[in-house]
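For the record, the sequence lines run as chains C and Z.
For the first sequence, the numbering used here begins at 1 and goes up steadily by one.
For the second sequence, the numbering used here begins at 1 and goes up steadily by one.
Any given hint might turn out to be false.
Where chains are identical, the list cannot tell them apart; a pair therefore holds if satisfied intra-copy or between any two copies.
Below are the DSS-like pairs computed for lysine-lysine, each with C-alpha atoms no more than 27 Å apart in a straight line [what the hints assert, rightly or not]:
| no. | residue 1 | residue 2 |
| --- | --- | --- |
| 1 | 83 | 156 |
| 2 | 156 | 145 |
| 3 | 179 | 12 |
| 4 | 86 | 179 |
| 5 | 156 | 12 |
| 6 | 126 | 176 |
| 7 | 86 | 12 |
| 8 | 179 | 83 |
Since the hints were made in silico from the structure, they are not lab data.
Protein chains: 2
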Amino acid sequence: MREGLQPLPLSKVYQLIEPGPVVLMTTAHKGRANVMTMSWHMMVEFTPPLIACVVSNANHSFAALRATRECVIAIPARNLTAKVVKIGNSSGRGIDKFAAFGLTALPAVSVAPPLIAECFANLECKVSDTRLVNAYCLFILEAVKAWIDPKQRNPKTIHHRGYGAFVVDGPTIRLKSSKP
Amino acid sequence: MREGLQPLPLSKVYQLIEPGPVVLMTTAHKGRANVMTMSWHMMVEFTPPLIACVVSNANHSFAALRATRECVIAIPARNLTAKVVKIGNSSGRGIDKFAAFGLTALPAVSVAPPLIAECFANLECKVSDTRLVNAYCLFILEAVKAWIDPKQRNPKTIHHRGYGAFVVDGPTIRLKSSKP
Numbered sequence: 001m002r003e004g005l006q007p008l009p010l011s012k013v014y015q016l017i018e019p020g021p022v023v024l025m026t027t028a029h030k031g032r033a034n035v036m037t038m039s040w041h042m043m044v045e046f047t048p049p050l051i052a053c054v055v056s057n058a059n060h061s062f063a064a065l066r067a068t069r070e071c072v073i074a075i076p077a078r079n080l081t082a083k084v085v086k087i088g089n090s091s092g093r094g095i096d097k098f099a100a101f102g103l104t105a106l107p108a109v110s111v112a113p114p115l116i117a118e119c120f121a122n123l124e125c126k127v128s129d130t131r132l133v134n135a136y137c138l139f140i141l142e143a144v145k146a147w148i149d150p151k152q153r154n155p156k157t158i159h160h161r162g163y164g165a166f167v168v169d170g171p172t173i174r175l176k177s178s179k180p
Numbered sequence: 001m002r003e004g005l006q007p008l009p010l011s012k013v014y015q016l017i018e019p020g021p022v023v024l025m026t027t028a029h030k031g032r033a034n035v036m037t038m039s040w041h042m043m044v045e046f047t048p049p050l051i052a053c054v055v056s057n058a059n060h061s062f063a064a065l066r067a068t069r070e071c072v073i074a075i076p077a078r079n080l081t082a083k084v085v086k087i088g089n090s091s092g093r094g095i096d097k098f099a100a101f102g103l104t105a106l107p108a109v110s111v112a113p114p115l116i117a118e119c120f121a122n123l124e125c126k127v128s129d130t131r132l133v134n135a136y137c138l139f140i141l142e143a144v145k146a147w148i149d150p151k152q153r154n155p156k157t158i159h160h161r162g163y164g165a166f167v168v169d170g171p172t173i174r175l176k177s178s179k180p
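With the sequences and hints as input, model every part of the structure.
Set out below in C-alpha cells:
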C-alpha cells in the first residue's frame with residue numbers, strides 16, 4: 001500500500017520543514033479524510049521532531065485536528081502547485097478533496113489520517129501540546145514517523161508569498177557550517 | 001540615520017515571513033547589541049502581525065530577548081549568505097558581531113535593538129507572549145514597525161536545509177487565489 005516509500009530517520013525531519021515550504025495537512029474525522037494547505041509552521045525541536053503550526057478555526061480541519069490529535073504533513077513539489085491552490089481555496093465541509101483533486105490517499109502506520117502518494121515526503125504527526133490553541137490556534141505536533149518517495153529526486157518545493165504567488169526553489173549554496 | 005528605508009504596512013509583514021527565509025535577529029542588552037541567525041519562525045496572525053520563533057537557551061540572544069522583550073528581525077538577501085553563516089557559527093558572548101562581520105546598525109524607532117542596514121527588510125518586534133518559553137524556548141512576537149529598503153529590488157532570500165546548505169529563491173509562479 002505504501003510501495004516505494006522509504007522511511008526517513010526522524011532526526012532529518014527538520015531539514016524538510018526548516019526551509020519553509022508550503023505543505024498539505026491531512027486529517028481524518030468521523031470516517032472522512034480531509035486535506036488543507038498550510039504555510040504557517042516551524043520546527044520547535046530536532047529530536048523528537050516537534051513542529052508548531054497554526055490551523056485557523058475557520059478551517060474545517062481545525063475541529064478534526066483538535067478532536068483526534070492526529071494529522072499527516074505532506075510536502076508537495078512544484079508540479080502540484082495548481083492542486084495546492086485548489087485545496088487551499090476549497091473547504092472539506094462540502095467536498096471530498098482527495099476525489100475532487102485527484103490525490104491518492106495511502107494508509108499511515110501510526111495515525112489515522114492518510115499519507116498523500118503524490119507528495120515527496122509525508123510526516124505522521126500527533127498533537128503533543130495544545131496550550132496555545134485557544135489563544136492562537138497554535139498546535140505543537142510531534143512527528144512520529146516520516147516517509148520519503150525516492151522516485152522524486154531533488155524535489156523543488158514552493159514557498160507562498162500571498163494570493164497565489166509562490167517562489168520555487170532555485171539554486172543551492174553550500175558553505176561550511178557546524179550548525180545543523 | 002535610516003535614510004532610504006521606507007515603512008512597510010504591517011498588514012504586509014506576513015508576505016515576508018511566510019515563505020520561510022533565514023532571518024537575523026538583533027537584540028540589545030546592557031548596552032550591547034547582538035545578532036543571531038534564525039530559521040525556526042512562523043506567522044501566527046496577520047494583523048497585528050504576530051510571529052512565533054524559537055531561540056535556543058544555548059544562544060547568547062536568549063537571555064537578552066527574555067529580559068528586554070524586544071528584538072529586530074532583519075531579512076538578508078542571498079548576497080549576505082556567507083555572513084549569515086558566520087553569524088550563526090559564532091557567539092555574541094565573545095565578540096561584537098556587528099564589528100566582526102561588517103554589519104551596519106541603524107537605530108530603530110520603537111525598540112532598542114538595531115536595524116541592520118544591509119538587510120532588505122527589518123521588523124521591529126516586541127515579545128507579546130512567553131507562555132511556551134520555558135517548555136520550548138518559543139516566543140510570540142508582535143511586529144510593531146516594519147521597514148524595507150527599496151534600493152534592493154526583488155531580493156532573493158535563502159532557506160536553510162542544514163549544515164550550511166541554503167536554497168536560494170528561484171522563479172515565481174502566479175496562480176489565481178483568493179487566499180492571502
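Hints, verified against the model:
1. 83 - 156: Classified as both: same-chain Cα gap 15 Å, cross-chain 25 Å, threshold 27 Å.
2. 156 - 145: Classified as within: same-chain Cα gap 22 Å, cross-chain 33 Å, threshold 27 Å.
3. 179 - 12: For residue 179 and residue 12, the Cα distance is within 27 Å only inside one copy (14 Å; across copies 31 Å).
4. 86 - 179: between (37 Å within a copy, 10 Å between copies)
5. 156 - 12: Both: 17 Å inside a chain and 26 Å across chains, each within 27 Å.
6. 126 - 176: Neither: 35 Å inside a copy, 33 Å across copies.
7. 86 - 12: between (30 Å within a copy, 23 Å between copies)
8. 179 - 83: Answer is between: at 14 Å across copies they meet the 27 Å cutoff, but 35 Å inside does not.
Comparing the model with each numbered hint stated earlier shows that hint 6 is the single one that does not hold.
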